[in-house]
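Could you put together the complete structure from these sequences and hints?
Read in order, the letters of the sequence shown correspond to residues -14 to 101 in my numbering.
Since the hints were derived computationally from the structure, they do not count as laboratory data.
Source: prediction; values computed, not measured.
Any given hint might turn out to be false.
[Said to hold, decoys possible] Between beta-carbon pairs, the in silico distance windows are:
(1) Ile93 with Gln49: 17 to 27 Å
(2) His30 with Thr94: 16 to 26 Å
(3) Arg97 with Glu76: 34 to 44 Å
(4) Asp53 with Ile93: 10 to 20 Å
[Said to hold, decoys possible] Heads up, simulated SDA-like pairs for lysine to any residue below, C-alpha to C-alpha not over 25 Å straight-line:
(5) Lys7 with Lys27
(6) Lys27 with Gly75
(7) Lys31 with Gln49
Where a beta carbon is used, it is the ideal one built from N, C-alpha and C, also for glycine.
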Amino acid sequence: AAAASALAIDTVAAEVSFPPFKYSPDFDLFNQGEAVKYFEEKFYHKRRGALTDEELEQVEGLRQHAEDEPVLALAAAQVLYMFGWFRTTGEIIRSNIVASARLFERSITVGRCEPT
-14 AAAASALAID TVAAEVSFPP FKYSPDFDLF NQGEAVKYFE EKFYHKRRGA
36 LTDEELEQVE GLRQHAEDEP VLALAAAQVL YMFGWFRTTG EIIRSNIVAS
86 ARLFERSITV GRCEPT
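Okay, here's the thing in structure tokens:
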């Protein structure tokens, strides 16, 4: 039973644009933490306070993967919310704001979060 409940973690490297962080096929909170840690390092690199266009492509790759793998929905939503809603130029990326809200909602639905 302990082996069956052990945290299974895979390294994701399916596409160049998908970020190379470890993720769990079963635990969305783990994925959220790993994704935030990965993008946080990029966001605050040299106190830049924004992601580059290349890094925003990685965010988009995460968003796309979250469409196919619901266990990544919370991670993608959080990354979009924290780091992916504007460019270094200050341009607001409205589509990422909308995607973040939609993925948060999806993660709640998939996770069967219900008020008690």
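Results of checking the hints against the structure:
| no. | hint | verdict |
| --- | --- | --- |
| 1 | Ile93 with Gln49: 17 to 27 Å | holds, 20 Å |
| 2 | His30 with Thr94: 16 to 26 Å | violated, 34 Å |
| 3 | Arg97 with Glu76: 34 to 44 Å | holds, 37 Å |
| 4 | Asp53 with Ile93: 10 to 20 Å | holds, 18 Å |
| 5 | Lys7 with Lys27 | holds, 16 Å |
| 6 | Lys27 with Gly75 | holds, 17 Å |
| 7 | Lys31 with Gln49 | violated, 28 Å |
Of the numbered hints stated above, those contradicted by the structure are hints 2 and 7, listed in ascending order.
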